[in-house]
Each structure stands twice: as C-alpha cells, then as structure tokens.
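**Student:** Each chain is listed here by its residues.
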Amino acid sequence: MIDASPTHRLALLPLLAALALAAGCAQEKTRYGDEKAVETVTNQFGSTDLQMIAESMTRSMLQDPVIASGNLPIVTVQEVKNKTSEYIDTRSITDKIRAELQKSGKVRFAVDAAAMQQQVEELQRQQSELYEKEQAVEKGRMVGAQYRMEGNITSIVKQAKDVKDVYYKFNLQLWNIRNGLLEWTDEKEIRKTTSKG
Amino acid sequence: MKWTWIIIAVLAAVLAAGCAAKKGFEKPGFAYGCPIGDTKIGSMEDLIKAKVLMEGKRTTIQATEMRCTMTGDLLKIDVNLNNDSSKIKRINYKFRWIDREGMRAWEEEVWKPLLMSENTNIVINGIAPTSKAVDYRLILQSQE
Chain G
1 MIDASPTHRL ALLPLLAALA LAAGCAQEKT RYGDEKAVET VTNQFGSTDL
51 QMIAESMTRS MLQDPVIASG NLPIVTVQEV KNKTSEYIDT RSITDKIRAE
101 LQKSGKVRFA VDAAAMQQQV EELQRQQSEL YEKEQAVEKG RMVGAQYRME
151 GNITSIVKQA KDVKDVYYKF NLQLWNIRNG LLEWTDEKEI RKTTSKG
Chain V
198 MKWTWIIIAV LAAVLAAGCA AKKGFEKPGF AYGCPIGDTK IGSMEDLIKA
248 KVLMEGKRTT IQATEMRCTM TGDLLKIDVN LNNDSSKIKR INYKFRWIDR
298 EGMRAWEEEV WKPLLMSENT NIVINGIAPT SKAVDYRLIL QSQE
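Each protein sequence line maps, in turn, to chains G and V.
Heads up, the first sequence is in the working numbering, so the first residue is 1 and it goes up one at a time.
Heads up, the second sequence is in the working numbering, so the first residue is 198 and it goes up one at a time.
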C-alpha cells in the first residue's frame with residue numbers, strides 16, 4: 001500500500017515541480033546542416049538520392065559524343081515519370097540536372113513545354129502598343145531543341161517484420177528529335193535498407 | 198675489338214634506361230595519367246598520399262590504386278578501394294575538383310555512401326564536371 005498521507009503528498013511537490021520544469025526546458029533546437037551530407041532520416045526518397053542521381057546523370061551525359069563534341073547542342077527537358085509508390089518531385093531532379101549541364105557550358109536549353117505558356121505570354125505582351133516597336137522582341141525568333149531529355153524513376157519496396165528495403169532505379173534518356181534516335185541513356189540505382197533494433 | 202666493347206656497353210646502357218622508365222611517367226607533370234604538378238611522385242603510394250584526404254571520422258579503407266585519363270576534355274579518375282578487414286565497412290566519398298589556379302573548379306560534391314563487404318576491392322570513378330577542373334582530391338570519411 002502506498003502511504004498517501006498529506007505530509008508525503010507535500011514531499012512529492014518539489015519533485016513534480018522539477019519534472020514540469022525539465023519538460024518545459026526540453027525545447028526543440030534548430031541548426032543549419034551540411035546540405036551535401038548523407039541524409040538517412042528515413043528510407044524515403046531524400047536529398048542525398050536527388051543529388052546523387054543528378055550528379056551521376058550529368059557526369060555520364062557530359063561524356064557522350066553529342067555533348068562532348070562542343071557543338072553546344074540545344075536540349076529541351078521533358079517529363080521524368082514517377083512510377084514509384086511515393087511522392088517525388090521529379091521536376092526538382094531535372095532542374096538540378098539542367099542547372100549542372102548549363103553550368104558546364106556544354107549544353108544550351110530551349111524553353112520546355114512547362115515554361116512555354118509564360119514564354120508565349122511575354123512575347124505577346126511585347127507585341128502590344130505599350131512597348132517601343134524597335135526594342136520589342138520579334139515573333140518567330142525562338143530556337144527549337146535538337147534533343148529532348150526524358151526519363152522515369154521506379155522503385156521496388158520489400159518489407160518484412162523488422163526490415164524495409166527500398167530499391168530505386170532512375171533512367172534518363174536523350175532523344176534526337178530530328179531522327180528519333182536514342183543518343184544517350186544511363187541509369188542510377190540506389191538501395192536503402194532500414195532495420196529495427 | 199675495343200670498339201665492339203664500347204658498342205655493347207652503349208647498347209646495354211640504352212636497354213637499362215628503357216627498362217627503368219616507369220609506365221605512366223612519360224608526360225611531365227603527370228603520374229599514372231594523373232596530374233601532379235610540381236609534386237615529386239615516385240610511386241603509386243606517393244600518388245595516393247598526395248590525392249587522398251580524410252575528413253570527419255577516419256576510415257581504415259585504403260586506396261590502393263589510382264589511374265587517370267582524359268575523356269574528351271574532362272579528367273576521369275579510377276580509384277581502387279580496399280577493405281582488407283573481416284568486417285563490413287561503410288564509408289562516404291567525394292571528389293574535390295581544383296582548377297589551374299588551385300581554386301575550387303566546381304561546387305562541393307555530394308557525399309556518396311559506399312558499402313564495402315569484408316575483404317573486397319571496389320573501383321570507384323570520378324569524372325570532372327568541367328574542363329576547368331585540372332586537378333582533384335578524393336575525400337574519404339567513415340560512416341561508423
């Protein structure tokens with residue numbers, strides 16, 4: 001039997017107060033981290049996966065004769081289909097690949113389908129009477145892409161009692177628009193395993 | 198008779214000099230195809246010492262061989278990593294690209310995780326992101 005006499009209850013009060021204080025002090029801490037560090041918070045698609053895929057695809061593509069020739073091929077970015085069971089912003093992967101390729105100075109990018117609306121609207125706006133005719137851009141001067149980049153990402157997820165295994169496969173392709181030939185393709189595979197205990 | 202001995206001696210000297218030339222050192226400023234600048238590199242161990250760095254937690258994984266080549270105007274590197282222990286090792290690695298002036302030629306790469314089974318060799322490779330990258334360092338870090 002627990003003795004719950006008033007004297008004992010009073011003795012518990014400082015202990016309870018200390019516990020409440022400690023709980024109140026356990027505040028969240030926010031710190032800046034290394035954006036290039038290996039992230040393993042969960043086994044879902046993460047920043048390390050995105051960065052590794054973009055780096056691997058870019059370096060591979062830079063070695064392809066179409067790009068390495070120095071002819072500054074014009075490429076347009078099309079969709080990367082997400083065939084996995086989780087939400088992945090595939091646009092952020094292609095944006096990163098595009099940024100790295102553009103920075104390399106070996107590729108030029110033509111406006112893609114997603115940005116076409118804004119491009120046309122800006123062209124039409126400059127045709128209005130609000131703009132000086134001499135300085136307004138002319139219609140019919142846009143340059144079409146010679147190659148289109150598209151791809152897909154798939155995953156296989158296996159789960160047992162204490163283990164979850166995720167396998168991602170990212171595939172990217174560079175198609176010649178004129179003749180329909182596949183000029184370059186490469187894959188990046190990633191395996192992540194999470195186990196309890 | 199005297200001339201015969203002189204000719205034999207000259208031929209022997211030429212032959213010895215030819216055999217002594219190490220493969221990969223033909224081009225000044227390069228060893229095993231890798232750029233070394235003015236650094237004195239006499240062996241593969243010297244090259245690895247000059248090019249491999251550890252950052253963060255040190256790893257027992259060792260680079261045992263390193264060779265470079267040019268693919269177009271981009272520097273390409275193959276590195277042989279060795280786990281000679283009887284335990285699985287997990288490491289991260291990245292390449293750092295350096296330009297002609299010794300400055301960073303590209304932004305820092307993402308750390309790439311690598312699982313190495315016990316008593317294994319794995320070849321990793323790096324390709325320069327730009328032709329401005331004329332030198333490099335391989336950086337290793339233990340995950341454990």
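Just so you know, the hints here were simulated from the structure itself, not pulled from any lab data.
Keep in mind it's a predicted model, so treat the numbers as computed, not measured.
Worth double-checking, as some hints may not be accurate.
[Stated by the list, open to error] To give an idea of the interface, some chain G residues facing chain V are shown, with a C-beta separation under 7 Å as derived from the structure:
(1) G33
(2) Q63
(3) S104
[Stated by the list, open to error] Computed footprint of chain V on chain G, listed as stretches where at least three residues anywhere in the stretch have a Cβ under 8 Å from a Cβ of chain V:
(4) 46-54
(5) 83-91
Cβ coordinates follow ideal geometry from the N, Cα and C atoms, glycine included.
**Student:** Each hint needs a verdict: does it hold in this structure or not?
**Tutor:** Hint by hint, here is what the structure shows:
1. The interface hint given for G33 (chain G) is broken, as the beta carbon of that residue sits about 12 Å from the closest beta carbon of chain V, more than 7 Å.
2. For the restraint placing Q63 (chain G) at the interface with chain V, the shortest Cβ-Cβ distance is roughly 5 Å, inside the 7 Å limit, so the hint holds.
3. A distance limit of 7 Å between C-beta atoms decides the matter here; for S104 (chain G) the minimum to chain V is near 5 Å, and the interface restraint holds.
4. Given a C-beta distance limit of less than 8 Å, the hint that chain V covers the stretch 46-54 of chain G holds, as 3 residues qualify and 3 suffice.
5. Evaluation of the coverage hint for the stretch 83-91 of chain G: breached, as 0 residues show C-beta separations to chain V shorter than 8 Å, against a requirement of three.
Hints 1, 5 from the earlier list are contradicted by this structure; the remaining hints agree with it.
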